[in-house]
Amino acid sequence: MSAAIELRDVRKNFGPTEIIRGVNLSIADGERHAVIGPNGAGKSTLFNLITGKYSLSGGEISLRDEVVSGLAPFQINRKGLSRSFQVTNIFPRMSVYENIRCGVLWSLGYKYSFWHIVDNLKDVNERTAEILEEIGLQARAQIPAGVLTYAEQRALEIGITIAGGANVILLDEPTAGMSHSETDQAIALIRKVTEGRTLVMVEHDMGVVFGLADKISVLVYGEIIASGTPEEIKGNAAVKEAYLGEEAE
Amino acid sequence: MSNMSETAGVARKASFLSRYAIWLVPAIIVAIMPPVLDSNVAMAVLNQMGIAVIFTVAYNMMLGQGGMLSFGFAVYFGLGGYFAIHGVNIISEGGWPIPLPFVPFLGGLAGLAFGALFGSFSTNRAGTVFAMISLGLGEMMASSSLIFSKFSGGEEGITTDRTEVPPFFGVEFTTEQEIYYLIAGWVFFAVFLMYRFSRTPIGRIANAVRDNPERAEFLGYSQKWVRFMSFSVAGCFAGVAGALFALNYEIVTEETVGALTSGVVLLQAYIGGIGFFAGPIVGAVIFTLLQTLMSNYTEIWALYVGVVFVGTVMYAPAGLTGLIMMHIPVYRVGRMGKLTVPYARIALPALICALGAIGFLELWQHISAGATGESEIHVFFMTLDYTSPIPWIVFIAMFLGGLWDARRVAPAVADTYGNALHYAFTGEDQ
Amino acid sequence: MAELIIFSLLNGLVYGLLLFMLASGLTLIFSMMGVLNFAHASIYMLGAYIAYTISQYVGFWPGLIIAPIVVGLFGALVERYGLRHVHKYGHVAELIFTFGLAFLIEEFVQLIWGKQTVAYAQPELLDFSLFEMYGSTFPAYRGFMLLVSVAIFVGLLVVLTRSRVGLIINAAITHPNMVAMLGHNVPLVFMGVFGVGSALAGLAGVIAGPVLGTAPGMAVVLGPIVFVVIVVGGLGSLVGAFVASILIGMLQTFAVAVDYSFLQFFGHLGLDMDPDGALSDLYTVTIAQLGPIMPYMLLVLILIFRPTGLFGTREV
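Chains B, Y and V supply the protein sequences, listed in that same order.
Count the first sequence with my numbering and you get residues 1119 to 1367, in order.
Count the second sequence with my numbering and you get residues 5 to 434, in order.
Count the third sequence with my numbering and you get residues 413 to 728, in order.
Chain B extracted, bound-state conformation:
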């Protein structure tokens, strides 16, 4: 089986500082993979490299055997990769419904159409309604996204991310800043909406990580020091020392 995402010796430096120092990572199709690591380890940078927000200083990234490093974010997205953001990143002045619909339009082939009328596009509106239901925001559909509560905005963030039907989903700290009950709901939501897709996520909350991930990679100072199933990671001495140990204290 070919890998959904493969990183080969990926490097990134900002000026003289090397943030990502030769990451090799292969994520299989349909896998739920979590990237963990202490603050400043380079997790978000890694995401920004994969999605094309930053350009690589070295190495190569491929998406289903196709090299995507060097492409613009929108080109990578069109190849079936979608991401969410750590800091909520939505369209604040548009309604919740419109937010989701923007994610849907491209994938259903309407692209830059200047002829179709969006309200008459049955497939688009059905799909939008479906996603709204999945993320539980039907009742808030007509409200400007900017006035939603924080947890609702996080759910909308995930909704926008999956709306395009991408096969590979990258979630950047999807539960950051949430309360316990909100986190539980978010886990259930993520589990539901990523069914049958490849998921890569950065997460701090170990409960979320061990509850969701099939495989975990530990990133420390720009290098992956361990990669394996949750059990393997729990038992890995180096990981304990570098990361989990701090948490346990």
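Because the hints were derived from the structure by calculation, they are not lab data.
A portion of the hints provided could be inaccurate.
[Stated by the list, open to error] Calculated lysine to aspartate or glutamate pairs in the EDC-like style (CA-CA distance at most 20 angstroms, straight line): (1) B:K1352 x B:D1332; (2) B:K1171 x Y:E218; (3) B:K1197 x Y:E218; (4) B:K1358 x B:D1323; (5) Y:K154 x V:D539; (6) V:K527 x Y:E303; (7) B:K1229 x Y:D215; (8) B:K1229 x B:E1244.
With chain B fixed as given, assemble chains Y and V onto it according to the hints.
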């Protein structure tokens, strides 16, 4: 079951009516204007208004819907005008078999072509940088129109005679009324198309790119391409408006492509309200009325417009349409009545303040520009002597007193509105 | 030829340094506050007019000091009671506000001083020619303009590189949020920068007024060119603004002196073009005629080939 589909049918019929009423009612009003008003002056004002409406709505495709603030939008308007004039001249000489009502297509093509040309390198970013570039391009084209005088006629501009075009079904477009119907038809056609554009995928994505270009990129959209398309299409409609301008006035000069035209369209859009499709229409209508009416009474009407504009930017950034829209929820729950008294309470000092300011400025204007030896002026239907201190003192007192009182009651009025809005959303008083 | 080059160089330098006086304030304001002050050139005009009025009563020299101060205070007030209020609506709203302000200033200038050019004259003290070369003279007043501009340039350089305030300003240009976190009163710094920027623009107006003409149109003539300067130089780069100012100053002065068209050029190549052809506009135009649009052509070229500007790091 059949019952349900029946009600659905009725609902659909109703929505069909209400959907088209918004186009039909203005269409009827516009159609009966000429016989009702029966005045060439009024026709001229309406013609100017119609052109302004197309131009301003096109402008707002960029500013309101696409987040691109342009200080040089007159370029596409003016080029549409120049090409239309040349087109009419060629047609008159028997060059092209195009009837006059189709000449705006020429202007639209010119606007589209130049929009695409300039858009190709100026739409990388929105915001401030885009604004600066648009200003530079605007200045470049305005100066060019003076330099390339073969094309643009230099300072005198170029002229044409629309009546030399072969008649279109017997209509020669010699009267204000005939050109009025031509412009009115184009207003509906163009505004409908622009409205339609705002409801298409690209129109929606333009909003998304305006709100958050980065996020749109991660949904598969190239922000530059989205802006480029909005920009080109807006240029196209500006060209249509410019062509109508050319047909109406039969002259296009450097002023038509210049900074003033670019500034006025921004003023119109902003005063009307850039957040709503109808905003620029309202803005264009009001501005044209103000301009034509006020310039009959005062030399410094542009100063007043400037004050209104800056006031809008500072205190009502959603514009006139925004002020109306923010009262819709209150109106729906029948609470407008509660607002009448507080609004009247603040309107009175505001009016006094405004009258004081206007009187003061008018007096001043006559000092700096009035004929020598003439010391009497007419302000508010009164004859005043500006060498006497009394009118000055009265106007300054009105201005300061009105301002003081209006500012004093403003917080309470804002609270009343806040309460009414709260009631509208929650059904209970605060 | 030598005469042409020397005088064009000197005049280009005078004009370029004048542009820099405006561009430096604009760049400082833009890079610190993110606000492109559309009214910057209007403030320059205000400087000229106020100095004119002062010169009517007490002569040119007091105006040189008082007018920039008055205009600087005006700028600070605009920041405090106008811009700061609009800030919450975003940068585009701020820009629109300054646009409205420019419109208002022009209208008020017409209201107060009339629509005609006012007779703002250079001081008699400087009404002589500095030197004569090849039969042409260089007026002392231009020399004075050069002196003032250079003094301002050096002053800015010293303040920005040697003083504590300069340190804060430099830091604020690159990391505005950090500076706030370090406990500096950012609103006050903003107000100060806006005021000083305005005062610089005012001073430029005071010294340019007698030469370029003090009329309600003077802001519109110079404003867009100053914007071009800061884009061409690179947003947020003072060095870039300086180089671009001089470049555009030279470009415009030299262009005016060159009466040469493509028609002649093609003629030298042995091509005969019809001087009355349909597209003759494009090749009968002389370089001198193109002078006014050269800065904008430069802008377009920069945008296409070097979107960061000459010295900038941010892509535009």
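Tested hints:
1. Note on K1352 (chain B) and D1332 (chain B): the hinted pairing holds, with a Cα-Cα distance of about 13 angstroms set against a maximum of 20 angstroms.
2. Of the supplied pair hints, the one linking K1171 (chain B) and E218 (chain Y) holds, its CA atoms being roughly 9 angstroms apart against a limit of 20 angstroms.
3. Our distance criterion of 20 angstroms between C-alpha atoms is met by K1197 (chain B) and E218 (chain Y), whose separation comes to about 17 angstroms.
4. For a cut-off of 20 angstroms, the pair hint linking K1358 (chain B) to D1323 (chain B) stands: about 16 angstroms separates their Cα positions.
5. For the hint pairing K154 (chain Y) with D539 (chain V), the CA-to-CA distance comes to about 42 angstroms; that exceeds 20 angstroms, so the pair is violated.
6. In summary, the hint linking K527 (chain V) to E303 (chain Y) is supported, as the alpha carbons are separated by about 12 angstroms, within the 20 angstroms threshold.
7. A hinted pair counts as satisfied when its Cα atoms are at most 20 angstroms apart, and K1229 (chain B) with D215 (chain Y) qualifies at roughly 18 angstroms.
8. A distance of roughly 17 angstroms separates the Cα atoms of K1229 (chain B) and E1244 (chain B); the hinted pair therefore holds under the 20 angstroms criterion.
Of the numbered hints given earlier, the model fails hint 5 alone.
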